[in-house]
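Enquirer: Sequence:
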Amino acid sequence: MRPLDFLHISLADQALYGFADGQLVLRLTVSTALNGPGEQSGSGCTPRGLHRVRARIGEGLPAGAVLRGRRWTGEVWTPQLHEAFPGRDWILTRILWLSGCEVGRNRLGAVDTFRRYIYLHGTPDSEPMGVPRSHGCVRLRNTDLLELYPRVPLHCRVRIEEAPCPDWATADLT
1 MRPLDFLHIS LADQALYGFA DGQLVLRLTV STALNGPGEQ SGSGCTPRGL HRVRARIGEG
61 LPAGAVLRGR RWTGEVWTPQ LHEAFPGRDW ILTRILWLSG CEVGRNRLGA VDTFRRYIYL
121 HGTPDSEPMG VPRSHGCVRL RNTDLLELYP RVPLHCRVRI EEAPCPDWAT ADLT
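Each residue of the sequence shown is one higher than the one before, starting from 1 at the first, in UniProt numbering.
Derived by calculation from the structure, the hints in this document are not laboratory data. Incorrect hints may have been included.
What the hints assert, rightly or not - Here are the simulated distance ranges between beta carbons:
#1 T73 <-> R115: 29 to 37 Å
#2 D125 <-> L173: 38 to 46 Å
#3 E162 <-> V25: 21 to 29 Å
#4 W168 <-> V131: 18 to 26 Å
#5 D5 <-> A169: 33 to 41 Å
#6 P62 <-> D89: 17 to 25 Å
#7 R157 <-> W72: 21 to 29 Å
#8 E127 <-> T73: 15 to 23 Å
#9 T170 <-> H82: 32 to 40 Å
#10 T174 <-> L154: 33 to 41 Å
Small disclaimer: the values here were computed from a predicted structure and weren't measured. Virtual Cβ for every residue (Gly too), placed ideally from N, Cα, C.
Please model the complete structure; the sequences and the hints are all you need to start from.
Expert: Okay, structure coming up:
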């Protein structure tokens, strides 16, 4: 498995496209913000533009590990745990924490992606994928995140855009 050097997240497609050496090698279904795109702190929106992976959290944790404040609680998600904490925004398995690269758009001040705690992270299997439902982060199936995480190095570029990517959505993966 080649390491990825670029991730493109299409809000329209609700998909993550992974590239290695300019070749599309991975396509995963995601769930972005229910509130749509936006950069403002407190908006509950998914920030657009160019980002980098600033931190990788959760190496070696079990699938479904519950993370709060970027630390493992010692719990592993179950339907029973879910019932005990209704309405909780579950952050599971791994975190790829994003930092914006575009000053004034997604970096510094009231639009700072890193200070907004915007992650790519796992979510319960009961949550739908392919539809916007998050509070701003990019949610993935835990199994997909376990495939993605080891291939994404620190500082990997991540572009988040509204436009659909019909060619990538149907392209053969190399």
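Enquirer: All hints are to be evaluated individually against the structure, with a verdict given for each.
Expert: Now the hints, each set against the structure:
no.	hint	verdict
1	T73 <-> R115: 29 to 37 Å	23 Å, violated
2	D125 <-> L173: 38 to 46 Å	23 Å, violated
3	E162 <-> V25: 21 to 29 Å	23 Å, holds
4	W168 <-> V131: 18 to 26 Å	19 Å, holds
5	D5 <-> A169: 33 to 41 Å	20 Å, violated
6	P62 <-> D89: 17 to 25 Å	20 Å, holds
7	R157 <-> W72: 21 to 29 Å	27 Å, holds
8	E127 <-> T73: 15 to 23 Å	19 Å, holds
9	T170 <-> H82: 32 to 40 Å	35 Å, holds
10	T174 <-> L154: 33 to 41 Å	24 Å, violated
The structure fails to meet hints 1, 2, 5 and 10 from the earlier list, while all remaining hints are met.
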